[in-house]
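2 protein chains.
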Amino acid sequence: MEIKKIGFIGTGVMGFPMVKHLLDAGFKVNVYTRTKDRALPLIEQGAVWCETPKDCATDCDVVISIVGYPQDVREVWLARSTGAIYGMKQGAIGMDMTTSSPDLATELYKCAKSKGVSLCDCPVTGGDIGARNATLTMLFGGDKETFDALEPVFKVLGKRWEYFGDAGKGQLAKACNQVAVATTMFSACEAIVFARGMGLDPKQIIDTLSAGAAGSFSLQSYGPRILNRDFDPGFKIDHFLKDMEIALKVCHDRGISLPGLDLAYKSYSMLKQMGKGDLGTQALYLFYSSALIPDLLAHDFNDDASDPDLA
Amino acid sequence: MEIKKIGFIGTGVMGFPMVKHLLDAGFKVNVYTRTKDRALPLIEQGAVWCETPKDCATDCDVVISIVGYPQDVREVWLARSTGAIYGMKQGAIGMDMTTSSPDLATELYKCAKSKGVSLCDCPVTGGDIGARNATLTMLFGGDKETFDALEPVFKVLGKRWEYFGDAGKGQLAKACNQVAVATTMFSACEAIVFARGMGLDPKQIIDTLSAGAAGSFSLQSYGPRILNRDFDPGFKIDHFLKDMEIALKVCHDRGISLPGLDLAYKSYSMLKQMGKGDLGTQALYLFYSSALIPDLLAHDFNDDASDPDLA
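These protein sequence lines map, in sequence, to chains A and B. If you're matching positions, the first sequence starts at 0 in numbering that gives the first Met the number 0 and goes up one per residue. If you're matching positions, the second sequence starts at 0 in numbering that gives the first Met the number 0 and goes up one per residue.
The hints are simulated quantities; they were obtained by calculation from the structure and are not laboratory data. A few of these clues could be false.
To be verified - Cross-link-like lysine-lysine pairs, in silico, DSS-like; alpha carbons within 30 Å at most:
hint	chain 1	residue 1	chain 2	residue 2
1	A	265	B	241
2	B	154	A	202
3	A	143	A	4
What the hints assert, rightly or not - What the simulated footprint calls covered on chain A by chain B, stretch by stretch (three residues with Cβ under 8 Å from a Cβ of chain B suffice, anywhere in the stretch; the number is not a length):
hint	region
4	147 to 157
5	259 to 266
C-beta: ideal position from N, C-alpha, C; glycine also.
Put together the whole structure using the sequences plus the hints.
This is the structure in structure tokens:
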């Protein structure tokens, strides 16, 4: 099958630049997204607007979704009369790139199979920067021949694509990534809290320790942002909580206990309760500084003048 | 002051290769260590054996210690009639490179000052490999002029030396490193436990995720060892517990709470109780697998045939 026409559902912070890359690469692209305004620059560039996911999928060789939450995934693919799965032609491939539930991915796969189309789960790592620079890593679960057939699309969207196994395994690999990320942010935050509390220069600490056994992406990339009190997302706490809930659910179902993940989930949940769900994951730091300086949360945390000395 | 003669106390897994480098660089070296046999190859290479730390320090320009625990540090420097501090000539520099207590470092500094000598704390990161390859990073606390004077020694032992502030700050910087390390090992172990539990290939997971936001030294360097069931130290759990106790003590004294560090300390303490204190820190993995497979600890964990499939 040659891939000529792609239906794309969800043109948010991730999907928008991905559609741009697909158009640049010469694919015909149908688009659907909740708020049409956000897709307008893509329509100007040649994408065709569709009123429903079903219309978006019609006549396409490949249909891609990257939306918010598992319930959104369910709706765009399966909703009666508007679901993408009902618009797909025989032999077409659907690919959900949302970070979503492994169980839902398996359910979608089976439902698609029964209708003569193929569906796979392929969440990504690399964030909005990876989407813009086409450097995403794609974590695939589904049929191997589907994986192979999608190579022309993978090439345009990222620089690495990995086959992890049958349907749901891509979501499980992404959940595994979130499990690994969950505790490294503690490492970065606690090193900075400790350094400040002990009168060490936290910048010197990050520079010196990043090169060694304490090194991590979190310390190296988020450490400096924390020092600048830059808590903008990056990756929102609300979304991270969703991802951790997915991981915790599959752990619970299989009797696996991960105390580091539990700690991360509890701490981020408290931040959300404190009204910080819209901040980036590096705002875990506020969990510590607010404990140390109770008044901090009453202040504007973006106000440089209030930068606390925790000593 | 030109540094010609160095007294070196403690020729264990770290000190031994450090003395070799100093001899190779042309320094005269006195050595003292608890078990003389371990120093014999150094004596053959030209080091001079001394019966006490005090003798070891006599006539030296610089006296270095790198021993096991804070109580050992106290003993080699301060013990009545045998302590190194009582052998040092006026103007000499003492440097404790053990990972030890910041408070003890301050105490030693003051005691030395009162005797007309200078003492500093300079623990290292980089482990036994860093000691052998002379690639250590040295974390200095003490007088700035002492730091500057020691450059000819630093150059021989490692590739980076950082001035963190007055006496005790080197130990605090090292404690900060251990705080940062504590939680990253959870990230590596939980990612592997999750991958295995979900039927993913943990090697593929490590390879794929190490390049992104989940990346850390622990995942990249210890992940593969865990997969090979290689729990040899590297860095012993017993020593890591000592280091975490130092960090927890200074946190407690200053009213700082670090839940990630707490979790690490509790988990490693349980491993020690299970008789695993001699294993490397990556044996944190056994904490998870033993919870999942209660019989595991009854087996020889080095027996490849017993490699558990946690699915």
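Hints, one by one, checked against the model:
1. A/265 <-> B/241: 28 Å, holds
2. B/154 <-> A/202: 23 Å, holds
3. A/143 <-> A/4: Within the cut-off at roughly 21 Å; holds.
4. 147 to 157: violated (count 0)
5. 259 to 266: holds (count 4)
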